[in-house]
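Asks: The primary structure of each chain is shown beneath.
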Amino acid sequence: MRGTLSDRTGAALLMAPLLLFLILAYAWPFLGVVKWSFTLPTPGLGQYHALLTDGLVQSVFIRTLRIAAIVTVVSVTAAYAITVVWVRGSPVQRVLAEFCILVPFWISVLTRAFGWVALLSNRGLINTWLQSIGFISEPLTLVRNEFGVIVGMSHFLIPFAVFPLASAMRSLDERVLLAARGLGSSRIRTFWTVFVPMTRSGIIGSALITFVFSLGFFVTPAILGGGRSVMIAELIYLRIFQSPDWGLGAAISVVLVVFVGALMALLFRYVKPKQLA
Amino acid sequence: MQQPGRAAEIKANGIGKSFGSFRALDNLSLDIGRGEFLTLLGPSGSGKTTFLMILAGFVQPSEGKLFSDGVDITNRPAEQRAAGMVFQGYALFPHMSVEQNIAFPLKVRKKSAAEIKNRVGEIIERVGLKGHEKKLPAQLSGGQQQRVALARALVFEPGVLLLDEPFSALDKSLRGQMQAEMKRLHQETGTTFVFVTHDQSEALALSSRVAIFNHGKLLQVGRPDEVYDRPANRFVAEFLGEINMLPVKGVRPADNGATGLCEDRAVNMRCKAEAIKGDAILAIRPEDMSIAPEASVNQNGIAATAVASTYLGAATKLDLTTRQGAKVTVSVPNEVAAAALSKGNSVWLTWPAEKGFLLPDGGQ
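Chains as they are written, first to last, in our numbering: chain A, 10 to 286; chain B, 188 to 551.
Next up, chain A with everything else stripped away, as it sits in the complex (with noise of 0.2 angstroms):
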């Protein structure tokens, strides 16, 4: 009979199958991990207490919340451009706006950031063209250090940065735009004093999923780091598969999935699910 179920529990109903998944595969892992943490090598709070006291470990969590804020900031930021061309550009800028946002998706982890390898590496793309210019004499260390992560890290990341801006800015009337004109403002001041200031709660989002997204990073830092920037997913990998030094391993992840739990309650607290879509 239709009509039967209410909308909600109807969803909740194609919910289960994904919830039941989540709760097999992650869940009840994650559980594991938590009771490592507490009790390998020997039970109680030492692997946290060593969290706290080891300077490698310290320096790898700093070096991790550094290269997030920077790659978050250089991801919103082009992102913020890319999704003006999208969705307030003329049709070909759009269509073209769309592919290049599209693009990356079909392109493996592994593949960009070996991409990036042959672009940025000592006797790559860039560093031979800038020497033949005569631009530069010696070549330029843009890969194996921070400045390589980065680079790889935000192309990825941009993509996902552009859906949370592109829905606030396809929600703002345009005619508080053309007010804005009307009472004198250039196209400038207008974009920033009211376009910009209006898209927050996306630019709000936007970076919370860049933030989040880039903490967990483990391919694209463990190849354009090239071992010298490693940040804390690489970090948890070398304690459980190579020091095994599985219980503080399970410590460092269980701090990095609470704090990006807390991250991800802060961002819904700002921003509505739909508003990332």
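It is possible that part of the hints are untrue.
Claimed, not checked - Simulated coverage check for chain B against chain A, where a stretch passes if three residues somewhere in it have a Cβ under 8 angstroms from a Cβ of chain A: (1) 274–282; (2) 486–494.
What the hints assert, rightly or not - Restraint-style ranges between C-beta atoms, simulated for each label pair: (3) Ser180(A) - Pro230(B): 41 to 51 angstroms; (4) Gly428(B) - Leu23(A): 53 to 63 angstroms; (5) Thr150(A) - Gly308(B): 41 to 51 angstroms.
Read the hints as simulated data drawn from the structure, not as lab findings.
Ideal placement from N, C-alpha and C gives every residue a C-beta, glycine not left out.
Once you have looked at the hints, place chain B on chain A.
Replies: Using the frame of chain A, we list chain B on its own:
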């Protein structure tokens, strides 16, 4: 529009606008006088809003020229024309307080902080928003938002204020109040007001002149009483209010006007009939006709039977059918309507010769 504090005089010369194959505005020429309150009236899609957008500089005309105080401003961008504008839905800046919204055009003009404070304070008082300075638009009622929009558009003393259906979102009693307020603001500021509406009673109540649009064409411009009493054509006559159309045969010029046969009775009309000969339509407003038990030979009158009435409070609207089947509506005192209905038989519809006007038969 360029000298603040002074009402602008605007001249539109052969303005036209096409959107693809759609002709939104056709060969419009119109002079808007200094300090006048001009209403652009017409149904939706008639071109009135397009013309307002052209005046504001948001829409570029396909042809024609626009002058402000004798200066060609056809190609001047909107931000340099700086006409005050009140949008449908107000278009307030949602992230700015009332005060900041109103200060915006002054900040853009780089006025000193002291001057901004003075002028914003003064206009907030004038539009009755005192105590709401720090609120955001979302915290205000529709009428208050309307006042913010008006204050913001007037605070920099523009030469012309453009208003795009500003009252369409307000309920009826608030509408009346805001109309009175706008009329007062017009008198106080002396600025040229150009107002777009599709509400004919609003247009007649507010304006010093009304410009009536249909299908992208300007049909008639004139004082409210002129366009109401002497409409240029049938569309204008019908758009401005209810009107009765009676066929008149054999129209010819006569002393002080014209004469003809209406339902086989001679009728006299004071209006001129130069262009109209033979068969025509006599158009008379419901309030210009009365009901009488009989009509004398030299009085305009036709016999009719009352069929229905609508009580309107102050008066009653009475629907009648004439002997030859024309439908007529009159607005009469309540007791007259009751008497006419209760009789159930024929009454006389009479009207003075000065009232009513002739329109070409069947034509526009």
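Asks: May I ask you to test the hint 41 to 51 angstroms on the CB atoms belonging to Ser180(A) and Pro230(B)?
Replies: Once the Cβ atoms are compared, 30 angstroms apart, the range 41 to 51 angstroms for Pro230(B) and Ser180(A) is violated.
Asks: Are Thr150(A) and Gly308(B) spaced within 41 to 51 angstroms by their CB atoms?
Replies: violated, 60 angstroms
Asks: Between Gly428(B) and Leu23(A), does the beta-carbon spacing fit 53 to 63 angstroms?
Replies: holds, 57 angstroms
Asks: Three residues or more, CB to CB closer than 8 angstroms: is that satisfied between the region 274–282 of chain B and chain A?
Replies: Coverage by chain A holds here, the residue count being 8 at a Cβ distance below 8 angstroms.
Asks: Are 3 or more residues of the region 486–494 of chain B near chain A, judged by a Cβ distance of less than 8 angstroms?
Replies: violated (count 0)
In this structure, the hints that do not hold are numbers 2, 3, 5, in rising order.
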